[in-house]
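Peer 1: Model the full structure from these sequences, guided by the hints.
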Amino acid sequence: LPAGLSQWFPALEVLDVSGTGLTEMGTELLSLPCLHTLLAKNNRLGGPGSLPKGLEQAPLARSLRVLNLSGNRFSEVPPALLQLRGLRSLSLGGNRLHGIPPDIQELHSLEFLYLGGNFITAIPPELAKLPSLRYLVLCDNKIQSIPPQLAQLHSLRSLSLHNNLLTYLPREILNLVHLDELSLRGNPLVVRFVRDLTYNPPSLQELAGRTIKTRNVPYAPSDLPESLVRYLSLASNCPNPKCGGVYFDSCVRQIKFVDFCGKYRLPLMHYLCSPECSSPYSSASQSSTSQSESDSEDEASVAAHRMQKVLLG
Amino acid sequence: MEQPVQTETWKARSLEELIRILHQIFAEDKVSVDEVQALMESYESNPEEWLQYAKFDQYRYTRNLVDSGNGKFNLMILCWGEGHGSSIHDHTDSHCFMKILQGNLKETLFEWPEKKGNGEMTRKSERVLRENQCAYINDSIGLHRVENISHTEPAVSLHLYSPPFDTCNTFDQRTGHKHKVTMTFYSQFGERTVC
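So the protein lines, in turn, are chains D and Y.
So in the numbering used here, spot 313 of the first sequence is number 313, and the numbers just go up one at a time.
Take the position in the second sequence, starting the count at 1, then add 1000; the result is the number in the numbering used here.
Possibly wrong hints are sitting among the right ones.
[Claimed, not checked] Subject to a maximum C-alpha distance of 30 Å in a straight line, what follows is the list of computed DSSO-like cross-link-like pairs (lysine-lysine):
| id | chain 1 | residue 1 | chain 2 | residue 2 |
| --- | --- | --- | --- | --- |
| 1 | D | K142 | Y | K1106 |
| 2 | Y | K1178 | D | K142 |
| 3 | D | K242 | D | K213 |
| 4 | Y | K1106 | Y | K1180 |
| 5 | Y | K1180 | Y | K1124 |
| 6 | D | K142 | Y | K1124 |
| 7 | Y | K1072 | Y | K1011 |
[Unchecked claim] Here are the in silico distance ranges between beta carbons for each label pair:
| id | chain 1 | residue 1 | chain 2 | residue 2 | range |
| --- | --- | --- | --- | --- | --- |
| 8 | D | G26 | Y | D1093 | 44 to 54 Å |
| 9 | Y | I1141 | D | P131 | 44 to 54 Å |
| 10 | Y | T1184 | D | T167 | 30 to 40 Å |
| 11 | D | D180 | Y | I1141 | 47 to 57 Å |
Source of the hints: derived by calculation from the structure; they are not laboratory data.
Virtual Cβ for every residue (Gly too), placed ideally from N, Cα, C.
Peer 2: Spelled out as structure tokens, the structure:
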């Protein structure tokens, strides 16, 4: 960046230095008090000095709203970037990122996050701590699974996951009630019903807990050690609506299909209290039976009101 | 549309001229696909002429009506943000011309699924269309998906559909299941439509 930039243009609000071959952006940025949009895509940024030191104290840390660093050579999110507390929109598309730092949660004003076209393999659950996130793009990466915590992104309107390595999605994704768009094409999502039979039998504590809950055995805090009172409060309901049972730790990871809007199928991880709670049919390997379809219809009617528009396939 | 009686070689020197010539061509009983495609390709994209129609949306691609062709065709501009793409869709027995005005779009062609589609749809071919190129498709050719695969550049395309249609089918690539959808305009004649 040319020296003296802030002297010539002290009121600069938008700076576009895209496609200029920049390898670093220096201290000139720090003295631009009104800058809210910085576009620096298609450059050669990514090494040390890409962002200036001392960003934390600069007015930029509070004033910058939009930062576009797509088409550069970042192999990691520069820690300095996480100082930009006022940032609403961040694009690091088409870089060389291998991961997302958990400290991304520091960007608490973030509404728009574009990370498509990198080499990201996993998503940190801390990403879900961004309360205003509306648009999340993770397409064209190497992501193998989505943490269930992502369902806490209550403001999420659009989630782009196409062209990754996903074989299933967590059931909690149904909780994203405001989600209008979800792209999943180009993932090796399991099409046929696959039953995961690795099931750890429940402990005696779990069996006792289940009995207390399902039989409504009355108890008061004075009856039990505090740890057991807490344990009993953590009972989860078996998602099989025909079961009505509860479970604590022991669950069956099962991949089950849910028809969103009755039109297509998504494999979800279901946590069921025992293998008997899954749809009863003999062989998993051949075609899905009408019984598994009717189970999925129950889910579908719940999911259908929620997922309005899904871009799948 | 049938084979032409005579084909003109048109050169549209502006968007306005393109629209004028299109009206002229479509006023006839017979219209040639090749003629329209050549005409669309002849127009050299000039952003000044279409910027007013190019309204982008953050979350998905937009359809912006430019001209309603006296009922014979719809001419619209589609704006594709980084990573935006369409579902696999058909064209409701109409002709579809797609010209790139800015950036690049990837077009993937698919075979129609079997009647009782229950398997992965067959990909026929794919190509990346460059600025000023014009592609053509109709239901007898197949189905397609169009996407902006760039993570850094938005794309803009000019589409002509004849006859106009507002519903089509979208297809699930993994199963071939189809779903009828109604298409809407993000803006019409440069004005944002609120619906």
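Peer 1: Please go over all the hints and tell whether each is borne out by the structure.
Peer 2: Going through the hints against the structure:
Simply put, D:K142 and Y:K1106 have alpha-carbon atoms about 21 Å apart, close enough for the 30 Å limit, and the pair holds. Between the alpha carbons of Y:K1178 and D:K142 the distance comes to roughly 28 Å, so the proposed pair stays at or under 30 Å and holds. At roughly 17 Å between alpha-carbon atoms, D:K242 and D:K213 fall within 30 Å of each other, so this suggested pair holds. Proposed proximity of Y:K1106 and Y:K1180 is supported: the alpha carbons are some 23 Å apart, at most 30 Å.
A distance of roughly 22 Å separates the Cα atoms of Y:K1180 and Y:K1124; the hinted pair therefore holds under the 30 Å criterion. Only pairs whose Cα atoms come within 30 Å are accepted, and D:K142 paired with Y:K1124 is accepted, the gap being roughly 25 Å. For the hint pairing Y:K1072 with Y:K1011, the CA-to-CA distance comes to about 21 Å; that is within 30 Å, so the pair holds. As the Cβ distance of D:G26 to Y:D1093 is approximately 59 Å, the hint placing it in 44 to 54 Å is violated.
Against the hinted window of 44 to 54 Å, the Cβ-Cβ separation of Y:I1141 and D:P131 comes to about 47 Å, which satisfies the hint. Distance hint check: the CB atoms of Y:T1184 and D:T167 are about 34 Å apart, consistent with the given range 30 to 40 Å. Separation of D:D180 from Y:I1141 is about 31 Å and departs from the stated range, judged on CB atoms against 47 to 57 Å.
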